[in-house]
Amino acid sequence: MVLVTSLTLMYNSNIIQFFTMLKKDDNTQQMVYYQAGIGTYTTPQVATPLMAKFSKALDEAIAWNLHAHVMGGYEFLMQNYTAGDRICIFGFSRGAYTARSLAGMIHKVGILPRCNHQQVPFAYKMYTREDELGWTQSNAFKKAFSVHADIEFLGVWDTVNSVGIVPRRLPFTTSNTIVRTFRHAVSLDERRAKFKANLWNRPNANEETLGISLKKKHHDQPKKVHKSHSLRALEAKYNKDHSQPTDVEEVWFSGCHCDIGGGSVSNDTTINLARIPLRWMIRECFKTNTGIMFDRDGLRDLGMNPDALYPEVLPRPPPLPVGDACIQDIPTEGSLSQVQKDSALKNYSGDPSELGAGAVVTQTEEQLELLDALSPIYDQLSLVWFWWILEFFPIKQRYQRGDNSWSSYFGWNMGRGRIIPKQKKQGVKVHRSVKMRLEAQHKDGSKYQPKANIDFANATWVD
1237 MVLVTSLTLM
1247 YNSNIIQFFT
1257 MLKKDDNTQQ
1267 MVYYQAGIGT
1277 YTTPQVATPL
1287 MAKFSKALDE
1297 AIAWNLHAHV
1307 MGGYEFLMQN
1317 YTAGDRICIF
1327 GFSRGAYTAR
1337 SLAGMIHKVG
1347 ILPRCNHQQV
1357 PFAYKMYTRE
1367 DELGWTQSNA
1377 FKKAFSVHAD
1387 IEFLGVWDTV
1397 NSVGIVPRRL
1407 PFTTSNTIVR
1417 TFRHAVSLDE
1427 RRAKFKANLW
1437 NRPNANEETL
1447 GISLKKKHHD
1457 QPKKVHKSHS
1467 LRALEAKYNK
1477 DHSQPTDVEE
1487 VWFSGCHCDI
1497 GGGSVSNDTT
1507 INLARIPLRW
1517 MIRECFKTNT
1527 GIMFDRDGLR
1537 DLGMNPDALY
1547 PEVLPRPPPL
1557 PVGDACIQDI
1567 PTEGSLSQVQ
1577 KDSALKNYSG
1587 DPSELGAGAV
1597 VTQTEEQLEL
1607 LDALSPIYDQ
1617 LSLVWFWWIL
1627 EFFPIKQRYQ
1637 RGDNSWSSYF
1647 GWNMGRGRII
1657 PKQKKQGVKV
1667 HRSVKMRLEA
1677 QHKDGSKYQP
1687 KANIDFANAT
1697 WVD
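Residue numbers (the numbering used here): 1237 to 1699.
Certain hints may be false.
Subject to a maximum C-alpha distance of 27 Å in a straight line, what follows is the list of computed DSS-like cross-link-like pairs (lysine-lysine) [what the hints assert, rightly or not]:
#  : residue 1 : residue 2
1  : 1430      : 1632
2  : 1658      : 1632
3  : 1687      : 1658
4  : 1430      : 1665
5  : 1671      : 1660
6  : 1361      : 1632
7  : 1687      : 1430
8  : 1523      : 1260
9  : 1660      : 1687
10 : 1632      : 1660
11 : 1683      : 1665
12 : 1259      : 1523
13 : 1661      : 1632
14 : 1658      : 1671
15 : 1660      : 1679
16 : 1632      : 1687
17 : 1658      : 1430
18 : 1661      : 1687
19 : 1661      : 1671
20 : 1430      : 1361
21 : 1665      : 1687
22 : 1687      : 1671
23 : 1671      : 1523
24 : 1671      : 1683
25 : 1361      : 1379
26 : 1665      : 1523
Honestly, the hints are just simulated from the structure, not real lab data.
Assemble the whole structure, with the sequences as input and the hints as a guide.
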């Protein structure tokens, strides 16, 4: 079962392209579900057109209908899940947060039997409770009414730290032990205040100890709620039931938010940065044996060779040399793909006559990767002035230190790049296309410098 949740964008995101490539012709083999993104949904209680528009605006601004998005995906699973099914969930941006929230809800309250629609709002309410009594009740609810289910694969593109103007933190959105495989493509160049990366993390030592002690002291009778029992400590407690650690891989890519998840360029622009993390995510689906079935022609259209993905994922050839190819600026006129093609293929060692007029379709993945890697970055702080308004407001920022402890502060973002935590201790995984961009230069001779505080001495380059 493959669930994808999208974000409201003018142009197709990676989520839509991913969904397009899924096999959908046999529900007995693979069942797929697509949910329109935040900002496109109104609840059934909103009756008038004016109120519907107002609800959509609120949803886009502060994720007013986040609960409806999560419960929508949950109801699909409730109606269709059968024991033994593999659940795979994907999302981008705030849709990625919705995907992680859905996985968290499944962890905390399980999946209800089919047709229990009236129980779903109650189950969601228990999922969102952060106090000890609420956790005890949700655990009892899960045992009484629901079935346990693991998440086979949770794949997200650039999950943001909040889902609107009002920050939210729902249980099991930053770690979740029922998720077997977690893959996250993260932006190196996004720098807006309300688009800080929501990375996967684990409880620190004190919280793990608190979780263990809470579990040892647990009795059937409800206990008084203690404020010291933080949300993270309670997550640690209820994560203890699963000893198998999640296979986590978060990889950083060149580009801003929509350069990672798609939507920064028109649908007819075939060459762009977002295709690199899309191909990476698809390859990870094959490498981790999710069982997801893709359309072979769709994979070829993206530049991927289906025979190199199944039945065995073959090692990728080394990247093509950059040579004197230039990093492209945002075009003002003409064909973006043609400009990039003329520039990036100057030093291609093969026979250019083999490419012909349909080069974008027939080129190898490595050739397309070079073109995509040198595509323009669409920095919204440079393109849309009103994003700067939030940069001058003091906003609460929260980040995790190297020892897994948390620090919060109020401050002005002022367009600063993202903080990548725990680089020295744990290293940082960076896609090889970033190195290609680093080796190239702009037409004015300047070099690419990621906006995040990355230390490439600690980088591990991945395919």
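Structure versus earlier hints - violations, ascending order: 15
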